[in-house]
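J.: Residues in the sequence shown are numbered from 1 upward in steps of one, following full-length UniProt numbering.
Derived from the structure by calculation, the hints contain no laboratory data. On a predicted model such as this, the values are computed, not experimentally measured, just so you know. Built from N, CA and C at the ideal position, the CB exists for glycine as well. Some hints could be false.
What the hints assert, rightly or not - What follows is a set of in silico ranges between Cβ atoms, one per label pair, in the way DEER data are often shown:
| id | residue 1 | residue 2 | range |
| --- | --- | --- | --- |
| 1 | Pro36 | Leu209 | 47 to 55 Å |
| 2 | Leu307 | Asn231 | 47 to 55 Å |
| 3 | Phe303 | Leu209 | 41 to 49 Å |
| 4 | Leu119 | Pro36 | 47 to 55 Å |
| 5 | Ser153 | Val107 | 28 to 36 Å |
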Amino acid sequence: MSSRTASSSWSRTDQPDIVPTGSARSVPIHRHRGGPLFNYFLQQLIFALAIGAIYGLIALGYTMVYGVMRLINFAHGEFFMLGPYIYTFVFSGLLGAGSLAPALGSVIAIVVSFVVVGLLGVAIERFAYRPLRAYGRLAPMLSALGMSIVLQSAVRVTVGPQPERFPAIVSSEPIAALGGMATTVQVGILAAAILLMVGLTLFVNGTRLGIWIRAASESWTTSSLLGIRVNRAVSLVFFIGPGLGAIAGIMYASYYGIMQPTMGSVIGLKAFTAAILGGIGSIPGAMLGGFLLGAIETFGTAFLPILSGGFIGTEYRDVFAFAVLILVLLFKPAGLLGETVSEETTVAKKDY
Numbered sequence: 001m002s003s004r005t006a007s008s009s010w011s012r013t014d015q016p017d018i019v020p021t022g023s024a025r026s027v028p029i030h031r032h033r034g035g036p037l038f039n040y041f042l043q044q045l046i047f048a049l050a051i052g053a054i055y056g057l058i059a060l061g062y063t064m065v066y067g068v069m070r071l072i073n074f075a076h077g078e079f080f081m082l083g084p085y086i087y088t089f090v091f092s093g094l095l096g097a098g099s100l101a102p103a104l105g106s107v108i109a110i111v112v113s114f115v116v117v118g119l120l121g122v123a124i125e126r127f128a129y130r131p132l133r134a135y136g137r138l139a140p141m142l143s144a145l146g147m148s149i150v151l152q153s154a155v156r157v158t159v160g161p162q163p164e165r166f167p168a169i170v171s172s173e174p175i176a177a178l179g180g181m182a183t184t185v186q187v188g189i190l191a192a193a194i195l196l197m198v199g200l201t202l203f204v205n206g207t208r209l210g211i212w213i214r215a216a217s218e219s220w221t222t223s224s225l226l227g228i229r230v231n232r233a234v235s236l237v238f239f240i241g242p243g244l245g246a247i248a249g250i251m252y253a254s255y256y257g258i259m260q261p262t263m264g265s266v267i268g269l270k271a272f273t274a275a276i277l278g279g280i281g282s283i284p285g286a287m288l289g290g291f292l293l294g295a296i297e298t299f300g301t302a303f304l305p306i307l308s309g310g311f312i313g314t315e316y317r318d319v320f321a322f323a324v325l326i327l328v329l330l331f332k333p334a335g336l337l338g339e340t341v342s343e344e345t346t347v348a349k350k351d352y
């Protein structure tokens, strides 16, 4: 199979082609003990875990918002897109000042991106979604679609529509301890994503603010009677979800070395598919759905062209993901770990 660069197909799918090494940055293929097919399988597995971790992080934002508000936040893909741009702006400014080491500058830029995008999410909820609550669930959803267009257009006007190179956070080098089958970028993405997922799980299940979120996801009326400030719980969800989406965007841009104003469109829909697959409203389901979608997309792209004799090519990568969405909605709408939502539960979300 041929290996393509990220920029060669960006305009066609808004996502770089999947390559055998699992990264759009140039990394040589190293052979591990075992046959060529086994080596190829391991490389694709590592890539599936890395890209699946990114999908899972983005899906967490969808599932948290839906769990609390029964709202599909279609602007979430743009939070993913904003992360790399804010990171690049802050990181370049810190390096230009010459007062910080690149590693420390990267950490500061990541934290700033998380906070800025999180605060933007809170502001959008407060001024674009909250005033429309009394008009049913459709009005906030349409507002979310409008905000998606506004955010994407704002970036296009500010920095231009063309793809931009993203500064490498770490050099993509094969890891000798893993037989050269994985790179530092892949392992870093997977490790960081797992830490964030575990941290979010501990936060939601073990802190007072997490209890607010879980209570609000059950019943706004009951939560209010118990003294829980539901609007604060909603604001917290709109801070954490977009912030995680921004970090996922930084991971993605670091992986492929490129960013573009439209990069959140397709990836956002794929992450939404991951949330549906795992069970939207379920945090563990979003994580599981992300990894499963990454595996389905990666192995489908890697092996179906071989099994079909070239009839099905890598250009069908996005088809695999959206075919999963259709199948799940047809046969298991609640997802793998989701709970079937009754009409009573849905109506209860109007009590805000």
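J.: It remains to establish, for every hint, whether it holds in the given structure.
T.: Comparing the hints with the structure gives:
no., hint, result
1, Pro36 x Leu209: 47 to 55 Å, "holds, 51 Å"
2, Leu307 x Asn231: 47 to 55 Å, "holds, 52 Å"
3, Phe303 x Leu209: 41 to 49 Å, "holds, 44 Å"
4, Leu119 x Pro36: 47 to 55 Å, "holds, 50 Å"
5, Ser153 x Val107: 28 to 36 Å, "holds, 31 Å"
Taken one by one, the earlier hints all hold for this structure without exception.
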